[in-house]
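Engineer: Sequence:
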Amino acid sequence: MSGTRDQPVLPIWPTGASPEYQAARMELARAERALRDQVEAVAAARRAMPPGPVLRDYDLAEDGPEGPVRTPLRELFDGHDTVFVYHLMFHPDHDAACPMCSMWVDGLRGVATHLAQHTAFVVIAKAPLDKLRAWADRRGWSGLRLLSSYGTTFNADLNAERPNGEQRPMVSVLRDEGGLVRHLYSLPANHFDGTERGIDLLNPVWNVLDLLPAGRGDWYASNDYIPAHAGDRMAGSSSA
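Numbering (our numbering), first residue to last: -2 to 237.
These aren't lab readings, by the way, just hints derived from the structure by calculation.
Incorrect hints may have been included.
Said to hold, decoys possible - Computed Cβ-Cβ distance ranges for the label pairs, DEER-style:
| hint | residue 1 | residue 2 | range |
| --- | --- | --- | --- |
| 1 | Arg67 | Glu193 | 29 to 35 Å |
| 2 | Asp56 | Trp10 | 18 to 24 Å |
| 3 | Ala14 | Arg179 | 50 to 56 Å |
| 4 | Trp10 | Glu193 | 29 to 35 Å |
| 5 | Trp10 | Arg159 | 43 to 49 Å |
Glycine is no exception: its CB is placed at the ideal position from the N, C-alpha and C atoms.
Using the sequences and the accompanying hints, generate a full structural model.
Structural biologist: This is the structure we're talking about:
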């Protein structure tokens, strides 16, 4: 049973809502539906994009069973035909990753098992592997595949790095084509107008804040309020 284009099956307001509220809520519902349709139209256009270039087979560093190993880009697919890459903004000279990027990875870690039903998922940072490992341990990012592109041109070639070496937060989708790795799509966190809203739809924090009366305001994520190993503790409490 479903509603019509103009009316839901059940009211989307509690008993006692005023006529003014009901009218405003229905107007908002129509705008929300239009936004949904626009999001799907953009997703369809994204899927229809022509393929991008074939990438070099970069050797990336990651932890293996017996210590650090070098892994070529073509081996990141884990049996899938695509890999979703989060480019973690983590400069080699820094000891901590970008707090906003870290918030994104916190959220993606929570759905990694679901993503694995469809695509491989990796986090790649320019910071050396030991720094990346230490940061992942602090955040509790167990279970994620983390790789360092330190010493390679991977970040620069994908424009996940500015000419001055500053790192860019970004996501990319790559496809395996018989051992060749083809770039399909990238989206930086910064839109052309400089706003940091390029990948908002991938993060539940912003979407929840947008539902609140105060909105998101000028809030910015911080690394300071995240205790060490917070991710592991939260995962443990949710499974108890």
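Engineer: Determine for every hint whether it applies to the structure shown.
Structural biologist: Verification of the hints:
Taken as a hint, the range 29 to 35 Å holds for the pair Arg67 and Glu193, whose Cβ atoms sit roughly 33 Å apart. Under the hint 18 to 24 Å, the C-beta atoms of Asp56 and Trp10, about 57 Å apart, miss the expected range. Between Ala14 and Arg179, the C-beta spacing of about 52 Å keeps the proposed range 50 to 56 Å intact. Between Trp10 and Glu193 the CB atoms are about 33 Å apart, so this pair conforms to the stated range of 29 to 35 Å.
Judged by the Cβ atoms, the range 43 to 49 Å given for Trp10 and Arg159 holds: they are separated by roughly 48 Å.
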